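So the protein lines, in turn, are chains A and B.
Start counting the first sequence at 1; every next residue gets the next number (this note's numbering).
Start counting the second sequence at 1; every next residue gets the next number (this note's numbering).
Heads up, some of the hints might be wrong.
Which copy is meant is left open, so a pair is good if it fits within one copy or across any two.
[Said to hold, decoys possible] Here are the computed lysine-lysine pairs in the DSSO-like style, where the Cα-Cα straight-line distance is at most 30 Å:
| no. | residue 1 | residue 2 |
| --- | --- | --- |
| 1 | Lys323 | Lys348 |
| 2 | Lys98 | Lys456 |
| 3 | Lys348 | Lys57 |
| 4 | Lys189 | Lys250 |
| 5 | Lys87 | Lys255 |
| 6 | Lys250 | Lys323 |
| 7 | Lys234 | Lys77 |
| 8 | Lys262 | Lys383 |
| 9 | Lys98 | Lys452 |
| 10 | Lys428 | Lys452 |
| 11 | Lys22 | Lys57 |
| 12 | Lys104 | Lys250 |
| 13 | Lys47 | Lys189 |
| 14 | Lys98 | Lys87 |
| 15 | Lys296 | Lys326 |
| 16 | Lys104 | Lys77 |
| 17 | Lys488 | Lys450 |
| 18 | Lys468 | Lys234 |
| 19 | Lys47 | Lys57 |
| 20 | Lys348 | Lys54 |
| 21 | Lys326 | Lys54 |
| 22 | Lys259 | Lys344 |
| 23 | Lys47 | Lys336 |
| 24 | Lys259 | Lys336 |
No lab work stands behind these hints, which were simulated from the structure alone.
The model shown is predicted, which means the values in this text are computed figures rather than measured ones.
Chain residues, written in single-letter form:
Number of protein chains: 2
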Amino acid sequence: MAKDFSTREENYAQWYNDIVIKADLAENSAVRGCMVIKPYGYAIWEKMQATLDKMFKDTGHSNAYFPLFIPKSFFSKEAAHVEGFAKECAVVTHYRLKNSPDGKGVVVDETAKLEEELIIRPTSETIIWDTYRNWIQSYRDLPVLVNQWANVVRWEMRTRLFLRTTEFLWQEGHTAHSTKEEAIEETMKILDIYATFAEEWMAMPVIKGLKSPNERFAGAVDTYCIEALMQDGKALQAGTSHFLGQNFAKAFDVKYLTKENKLEHVWATSWGVSTRLMGALVMAHSDDNGLVLPPKLAPIQVVIVPIYRKPEQLQAISEVAEKIKKALQDKGISVKYDDRDTHKPGWKFAEYEFKGVPVRLAIGPRDLENGTVEIARRDTLEKETYQMTDIENKVEHLLDQIQDNIYQKAFSFREENTFKVDTWDEFKDRVEKGGFVLAHWDGTSETEIKIKVETKATIRAIPIDGKKEAGKCIYTGNPSSELVIFAKAY
Amino acid sequence: MAKDFSTREENYAQWYNDIVIKADLAENSAVRGCMVIKPYGYAIWEKMQATLDKMFKDTGHSNAYFPLFIPKSFFSKEAAHVEGFAKECAVVTHYRLKNSPDGKGVVVDETAKLEEELIIRPTSETIIWDTYRNWIQSYRDLPVLVNQWANVVRWEMRTRLFLRTTEFLWQEGHTAHSTKEEAIEETMKILDIYATFAEEWMAMPVIKGLKSPNERFAGAVDTYCIEALMQDGKALQAGTSHFLGQNFAKAFDVKYLTKENKLEHVWATSWGVSTRLMGALVMAHSDDNGLVLPPKLAPIQVVIVPIYRKPEQLQAISEVAEKIKKALQDKGISVKYDDRDTHKPGWKFAEYEFKGVPVRLAIGPRDLENGTVEIARRDTLEKETYQMTDIENKVEHLLDQIQDNIYQKAFSFREENTFKVDTWDEFKDRVEKGGFVLAHWDGTSETEIKIKVETKATIRAIPIDGKKEAGKCIYTGNPSSELVIFAKAY
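Go ahead and model the full structure; you've got the sequences and the hints to work with.
Following this line, the structure appears as structure tokens:
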């Protein structure tokens, strides 16, 4: 199996696509730019959803659901938003088909034309703030802390599975607050949740930062992000949290009565992560043998494969395997015992290795005699023979070790591929080779755009935790007060 | 609060709408026919989802995700399906907007017209079977047991919150099998899951039955359903499970190689329940005091309200209340302690009563002295004073009692409103008054349609558990072998 797919070295883009397809994560559908998320891929997404959903609820948020359709006129209400979003959208113009006059198939019924076209939501600020106008009258109605799990559509011309698709799945939080301070606090709280999720569950180190005005969400005052570095040296924006100020409250006339009986516009945030995280997860850890999954997000954490020649051997092995399975499940570990007789052990080894199952146990007749089990870990591909005694605790410990090791590996990779540069030549050279490039920038959009045109690199983040340091802009030589991160990006 | 909404007697339709709106379950959105599901309503839906999802997974199903869009031509491939579904659908014709020439807002960019229109899925058989063609080659690939949680759109002219909306949320299972028998077994297995969920979680008795050809799913060989009786005597179809035969496999050319090396078409099922269940839940149990929720689906199962005049009283009560809350939570019971000082106890009582919280505990200074707590149950509105000792077990037991009582009440209602009739006059009279009407039918669509035209009643189900009994058709007098259930329906 490992033979018929590309290595990272040969063709990184093809390697990524091969893993997504051949590990049964997703595939292209009959509809241009839209993917089918297959059961194995969807099981990973469900683990992501469950984890994030609990984090949101633990911090006081509730889920709700808003319409898929947005009236066209809603987009025009917030000037920056319409520029950023309304253009590349799926537009519903009719609500009926009829039999084709030639008797072949169906055609659009022109008499069933909508008075106002409906846009498939590319994001839901407009329809949600139109709704909040009725929910919010007084300070007693605030804060509103709502999240939605939904599908959205942005008409992309060049798509790639998970990373950029016309339809994708995501969560979008939309909160309303009585003060600016509280809204900013919410923005940062969510950014921390995203960073914690990325690092502790996805085992993917991220930089928390502010976006430059060019990269800001259309309609936001400030956009914060978590930014990760992929193995090809390109950056990937993994989540964003926006402080929207009063922009949407003003556009949709959402005011509240303060304790002092004054009418004021509400303060807002919005924030989201999407199935793009699946792409990040694949690219952050996988190797030339296939997918590598962090144990905390693996649908199957442990697979047990019996090695046998005769049916009576299988029976004896199965007894032991089922006991181990039960002991592991009692610890909350997800286990598959693959005793199918339609496939050989070698085929199964390759299959689970390719699909990134973190731990594989193999049990043969000799293991039964010796009270041992062979354990292979996916991250290092190391095999070791363990005594069967207390095996569930050993495996549990090993899963923790793997989770940690995967993170450390990704962290070291990022450290080794983060460079501070001081000259324009150095900058161009470094950006071309890939990695996070720390450089001074004069703070103007003009300069950022010129740098992008010349090098394809953009400012990925103005690090929140970065220390202030005086310097000169890499491009203009004008004064700068801090280093920002440049990179080419997905 | 109880004053400004309709009773069932006064105006049943208005009563239903008032409960949905005023209990914060859902509301109409700015988009015609589309609803906003509010946090409290969505929390109930999430409990439904979690329960059903576990039942599906426990029976070997996995979740996946397929595109929102379906190419128009796909619908024409299955003749019955296109008649049933493709007509009243949202049609995407363009993928871009542009600034309006008059500078006001945005208009559809006519140059961005799709070559083939895309339909927003009203159900996903076509796109899924187009996908399965690539997933299924041999008997080893079968069965495919996949479910999808998704939004769907059917362009409804007359909508009602939850019961009939243009966009709704649902799950749709789509399975593929190597034999007819296995597919039929799956169809029935899911019907049983739906019935168990309706009865044990929703506390709503249902009849399991087969649909007559007129009421069959467009593209199915057989449609099975669970059918419930609402308090106004109208029936509500709460879930359907379809045996699709080889119809979609033939339409999308999905064949598999048998063990005997022969190419054969695959057998299929599909099945779904939707947010319509929310409407059924409201109508099945609620009364003129508002929503009544079965404990197993209530987002808040127990609310604790402190009764006090002085802050030091509140402090003493809170200590006890927090202990009770903790003890209940440790038993997996969801509890809210409402110590807000912005609302009086009487207001809170009315609020939680209206929102259907199954159990309310009230604790005042005298209770502290006596070691007691006042417990009110929502279903019967009875209040009783309990000793505080072992309160968590008493409440747990009470929740079980309430769950059971709600079911029994609904079951008795259905029994009292199920009538066997033998003459056409009796039939017309009974159908007009409401309820399930058991009658003989000659088995022809012609007769069913005539009865519908004359009385608005349809065959809701041919009961699976009904005993065979010879008789004469209520309408034509022709021979009949079993009783079927007629009713007016939602």
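Worksheet item: When no copy is named, should Lys468 and Lys234 be tagged within, between, both, or neither for a Cα gap of at most 30 Å?
Response: within (25 Å within a copy, 70 Å between copies)
Worksheet item: With identical chains treated as interchangeable, where does the CA-CA distance between Lys47 and Lys189 reach 30 Å or less: within a copy, between copies, both, or neither?
Response: This pair counts as both: shortest intra-copy Cα distance 21 Å, inter-copy 27 Å.
Item to complete: Please work out whether the CA atoms of Lys98 and Lys456 approach to 30 Å or closer within one copy, between two copies, in both situations, or in neither?
Response: between (48 Å within a copy, 27 Å between copies)
Worksheet item: How would you label the pair Lys262, Lys383 (within, between, both, or neither) given a Cα cut-off of 30 Å?
Response: Neither. Shortest intra-copy (69 Å) and inter-copy (42 Å) distances fail the 30 Å Cα cut-off.
Worksheet item: Is it within, between, both, or neither for Lys104 and Lys250, if the alpha carbons may be no more than 30 Å apart?
Response: So Lys104 and Lys250 pass the 30 Å test across copies only (18 Å; inside, 51 Å).
Practice prompt. With 30 Å as the alpha-carbon cut-off, assign the pair Lys259 and Lys336 to within, between, both or neither.
Written response: between (58 Å within a copy, 26 Å between copies)
Worksheet item: Under a CA distance limit of 30 Å, which applies to Lys22 and Lys57: within one copy, between copies, both, or neither?
Response: Between copies only: 24 Å across, 35 Å inside.
Discussion item. Regarding Lys428 and Lys452, is the shortest C-alpha distance of 30 Å or less found within a copy, between copies, in both, or in neither?
Written reply: Result: close within a single copy only, 11 Å intra versus 77 Å inter.
Discussion item. At most 30 Å between alpha carbons: which applies to Lys47 and Lys336, within, between, both or neither?
Written reply: both (17 Å within a copy, 27 Å between copies)
Worksheet item: Is it within, between, both, or neither for Lys348 and Lys57, if the alpha carbons may be no more than 30 Å apart?
Response: between (39 Å within a copy, 23 Å between copies)
Fill in: Status of Lys54 relative to Lys348 across identical chains (alpha carbons, at most 30 Å)
This pair counts as between: shortest inter-copy Cα distance 28 Å, intra-copy 34 Å.
Item to complete: Tell me, please, which holds for Lys259 and Lys344 at an alpha-carbon limit of 30 Å: within, between, both or neither?
Response: Between copies only: 19 Å across, 72 Å inside.
Violated hints, listed in ascending order, are 6, 7 and 8; each of the other numbered hints is respected by the structure.
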